[in-house]
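Participant: Now for the letters of each chain:
2 protein chains.
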Amino acid sequence: MRRHALDGVDVIDLGQIYNGAYCSLMLSYLGADVTKVEPPFGEPLRSRVEDGEPPELIMLNSSKDGITLNLKEERGKELFKELVRDADVVVENFAVGTMDRFGLGYETLSEINPELIYAHGSGFGESGPRSERLAMDLIVQAVGGVMDVTGFPDGPPVKTGIAAGDFLGGIHLAAGVLAALYQRERTGEGQFVEASMYDAVYPSLMSQLASYFKDEDVPPRTGNRHSGLAKCPYNAYATSDGHVAILCASDRHWHRLLDVIGRDDLVGAPEYETNVKRLQHIDEIDEIIEEWTRDHTREEVETAMLEAGIPCGAVQTVEEVIHDPHLETREMVNEIDHPDYDDPIRVPGSPIRLSESAMPDIDPSPSKGRDNYRIYRERLGLSEGEIRKLEDEGVI
Amino acid sequence: MRRHALDGVDVIDLGQIYNGAYCSLMLSYLGADVTKVEPPFGEPLRSRVEDGEPPELIMLNSSKDGITLNLKEERGKELFKELVRDADVVVENFAVGTMDRFGLGYETLSEINPELIYAHGSGFGESGPRSERLAMDLIVQAVGGVMDVTGFPDGPPVKTGIAAGDFLGGIHLAAGVLAALYQRERTGEGQFVEASMYDAVYPSLMSQLASYFKDEDVPPRTGNRHSGLAKCPYNAYATSDGHVAILCASDRHWHRLLDVIGRDDLVGAPEYETNVKRLQHIDEIDEIIEEWTRDHTREEVETAMLEAGIPCGAVQTVEEVIHDPHLETREMVNEIDHPDYDDPIRVPGSPIRLSESAMPDIDPSPSKGRDNYRIYRERLGLSEGEIRKLEDEGVI
Numbered sequence: 001m002r003r004h005a006l007d008g009v010d011v012i013d014l015g016q017i018y019n020g021a022y023c024s025l026m027l028s029y030l031g032a033d034v035t036k037v038e039p040p041f042g043e044p045l046r047s048r049v050e051d052g053e054p055p056e057l058i059m060l061n062s063s064k065d066g067i068t069l070n071l072k073e074e075r076g077k078e079l080f081k082e083l084v085r086d087a088d089v090v091v092e093n094f095a096v097g098t099m100d101r102f103g104l105g106y107e108t109l110s111e112i113n114p115e116l117i118y119a120h121g122s123g124f125g126e127s128g129p130r131s132e133r134l135a136m137d138l139i140v141q142a143v144g145g146v147m148d149v150t151g152f153p154d155g156p157p158v159k160t161g162i163a164a165g166d167f168l169g170g171i172h173l174a175a176g177v178l179a180a181l182y183q184r185e186r187t188g189e190g191q192f193v194e195a196s197m198y199d200a201v202y203p204s205l206m207s208q209l210a211s212y213f214k215d216e217d218v219p220p221r222t223g224n225r226h227s228g229l230a231k232c233p234y235n236a237y238a239t240s241d242g243h244v245a246i247l248c249a250s251d252r253h254w255h256r257l258l259d260v261i262g263r264d265d266l267v268g269a270p271e272y273e274t275n276v277k278r279l280q281h282i283d284e285i286d287e288i289i290e291e292w293t294r295d296h297t298r299e300e301v302e303t304a305m306l307e308a309g310i311p312c313g314a315v316q317t318v319e320e321v322i323h324d325p326h327l328e329t330r331e332m333v334n335e336i337d338h339p340d341y342d343d344p345i346r347v348p349g350s351p352i353r354l355s356e357s358a359m360p361d362i363d364p365s366p367s368k369g370r371d372n373y374r375i376y377r378e379r380l381g382l383s384e385g386e387i388r389k390l391e392d393e394g395v396i
Numbered sequence: 001m002r003r004h005a006l007d008g009v010d011v012i013d014l015g016q017i018y019n020g021a022y023c024s025l026m027l028s029y030l031g032a033d034v035t036k037v038e039p040p041f042g043e044p045l046r047s048r049v050e051d052g053e054p055p056e057l058i059m060l061n062s063s064k065d066g067i068t069l070n071l072k073e074e075r076g077k078e079l080f081k082e083l084v085r086d087a088d089v090v091v092e093n094f095a096v097g098t099m100d101r102f103g104l105g106y107e108t109l110s111e112i113n114p115e116l117i118y119a120h121g122s123g124f125g126e127s128g129p130r131s132e133r134l135a136m137d138l139i140v141q142a143v144g145g146v147m148d149v150t151g152f153p154d155g156p157p158v159k160t161g162i163a164a165g166d167f168l169g170g171i172h173l174a175a176g177v178l179a180a181l182y183q184r185e186r187t188g189e190g191q192f193v194e195a196s197m198y199d200a201v202y203p204s205l206m207s208q209l210a211s212y213f214k215d216e217d218v219p220p221r222t223g224n225r226h227s228g229l230a231k232c233p234y235n236a237y238a239t240s241d242g243h244v245a246i247l248c249a250s251d252r253h254w255h256r257l258l259d260v261i262g263r264d265d266l267v268g269a270p271e272y273e274t275n276v277k278r279l280q281h282i283d284e285i286d287e288i289i290e291e292w293t294r295d296h297t298r299e300e301v302e303t304a305m306l307e308a309g310i311p312c313g314a315v316q317t318v319e320e321v322i323h324d325p326h327l328e329t330r331e332m333v334n335e336i337d338h339p340d341y342d343d344p345i346r347v348p349g350s351p352i353r354l355s356e357s358a359m360p361d362i363d364p365s366p367s368k369g370r371d372n373y374r375i376y377r378e379r380l381g382l383s384e385g386e387i388r389k390l391e392d393e394g395v396i
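In the order they appear, the protein sequences are chains S and X.
Going by the UniProt record's numbering, the first sequence opens with residue 1, and the numbers climb by one from there.
Going by the UniProt record's numbering, the second sequence opens with residue 1, and the numbers climb by one from there.
Hint data in this document are derived by calculation from the structure and do not stem from the laboratory.
Heads up, a few of these hints could be off.
To be verified - Capping the alpha-carbon separation at 30 Å, the derived lysine-lysine pairs in DSBU-like fashion look like this:
(1) X:LYS231 to S:LYS214
(2) S:LYS368 to S:LYS81
(3) X:LYS231 to S:LYS368
(4) S:LYS277 to X:LYS231
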């Protein structure tokens, strides 16, 4: 049987909503044994639907075991400490200080298990003046500059529709856990790992940071144009049935584009000869291109541009993305049967691909407490009667 | 001296522009020895300025050594193979197939060094119908659904201003390298690692994917409102001098907000009692809030909301983000002297924080070929005369 990178790595996953859950999903897909631990009333994501399992929860918790545990109860704290004793990793993304208030902070847990890697995902991190602030993705996008750089120059700042803070934060946290696992091979010791959403978003402002340091007078928001207004053509152009993104990385691309849109007459035009000159006529050029794209379908434009070797891509709807054969081929979108859904549901695979560590088969995400009886018996040696009693007392 | 997670890990970095360079920057910040290898005419990012070092390049290549090498020359290929013989990791983000065309693909290099971890970042990945396509961040945002879900319902799709594809792809690739390093501790073998920008962006569409599977009739773009239109209030509100993001995660937040804006008269109003009811009056509610925020400064609004415990954050400009004391305290923004700049320049730190692996001191990014003499002497035992000859012949 093929090995997985994280075979034998045991993860206790207090991750919730997007950020922490994504971190442990990646560890699970790399082969770790991940046990999702929810409070008896369920993690916050569950409240997004009245009945059953919300699709977000299903998509972010595949291939995890699921148990319940009340960390506010004394007995719950004891059980948690017992679980941690043999674990390799704890992942959590509660507000800063929450686990300390439970008496289950890193200091306490590392005394019980000095090899433990404790990973904390948060909005603003463990230190710094903003660290105590409540931080959902929208707040991080606002404070982090993402909104300021998104939208049109004459319009308001706009959030990006993707949950950039949650996912950039979550995958940086996963990378931190992996680095700590590697370091532990040398030292035999665990450590505290953290990644904040605000920190994780900052480097992705790269184009705007560069503009700032070049002291150029670039508007904060450039719509679909180049973030530094440093390339032309570079935009999303309207077609008869949607938009298509096109960019010319070289003058050769520009000449080919003129050929595609039937404007060979402009090939020698001195005012459009170089990227720098084209930038001075950016409105004109975008209009010349859109004049042609408007009369064609999205697919016609994309096909023509790609055949000519010009970087181009249709603006796909989410529904098109979900059904993109490319993502299906790459097992990024996997149709699975889930006990809570009549129809098959599509769950993400892992963007991390290792040739010698195949992604494990995807198991459906656990319903609340699905694996209580098995896990508490196998890991802590509790009897069925004891487990039932814990349930009755609201401890699990 | 304190250890770093990746002490002794040797990385040959062909990464360029944003995606690959960010992957190896994270490895460098975790303590790896990273040698940036550029063609003699420099990597593509260098063409963004006429003279000197572009700030993007400086920000993404701190603490790396820098050498030049022409992989199209026979002698260049030989030298590269010699470098790889003792390396742990190669990182590259050329178009799919480029290294194979150089005769330096994974198959070849892994024969020379079976312990080698070879990491490839790309737009669409090594497999699937789109794999050969040219993919810059804009194209991935278009095809990947990021543009479709960003912007206002009555406006066009909008790209997000951050380079979401490059950075999500790059950090997933770094996580893959770290997982492969950990696996190698068990197996003694290297492997091929890949992460594509398109794959990496897909999970971050989580809210829209969930809406799709819930079969709700949510518009693809919701401006600054909740992506699933499932929370109210949740928006960016205009103030007298900018915008502020505010959201109510609970009815308690809503009551406090009414208190802050002096509309206690609405506390008992049955039509606003629950989140579900508020959603039916979303325009009204946003107007009630903005009526108040418009008459106050961004700072006044933020302070009042935070004091009342309501999730809130000012929409900061990039300049404000760069100078945010929070990021400075956390060493996410580090002022360094760079030989090519008169004034100090601010470079990002690492969002990955490990308590037992301090971030190394940040060294200025290398100018093109800065370390040729030292590296070719130290690593390959070449003499000064041999190195000068290689320069003259255009091999390095």
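Participant: Within 30 Å, alpha carbon to alpha carbon, are LYS231 of chain X and LYS214 of chain S?
Facilitator: violated, 40 Å
Participant: Within 30 Å, alpha carbon to alpha carbon, are LYS368 of chain S and LYS81 of chain S?
Facilitator: holds, 21 Å
Participant: Against the 30 Å threshold, does the CA-CA distance of LYS277 of chain S and LYS231 of chain X hold or violate the hint?
Facilitator: Violated - the C-alpha atoms of LYS231 of chain X and LYS277 of chain S are around 47 Å apart, more than 30 Å.
Participant: For a C-alpha distance cap of 30 Å, please report whether LYS231 of chain X and LYS368 of chain S respect it.
Facilitator: holds, 24 Å
Violated hints for the displayed structure, listed by number in ascending order: 1, 4.
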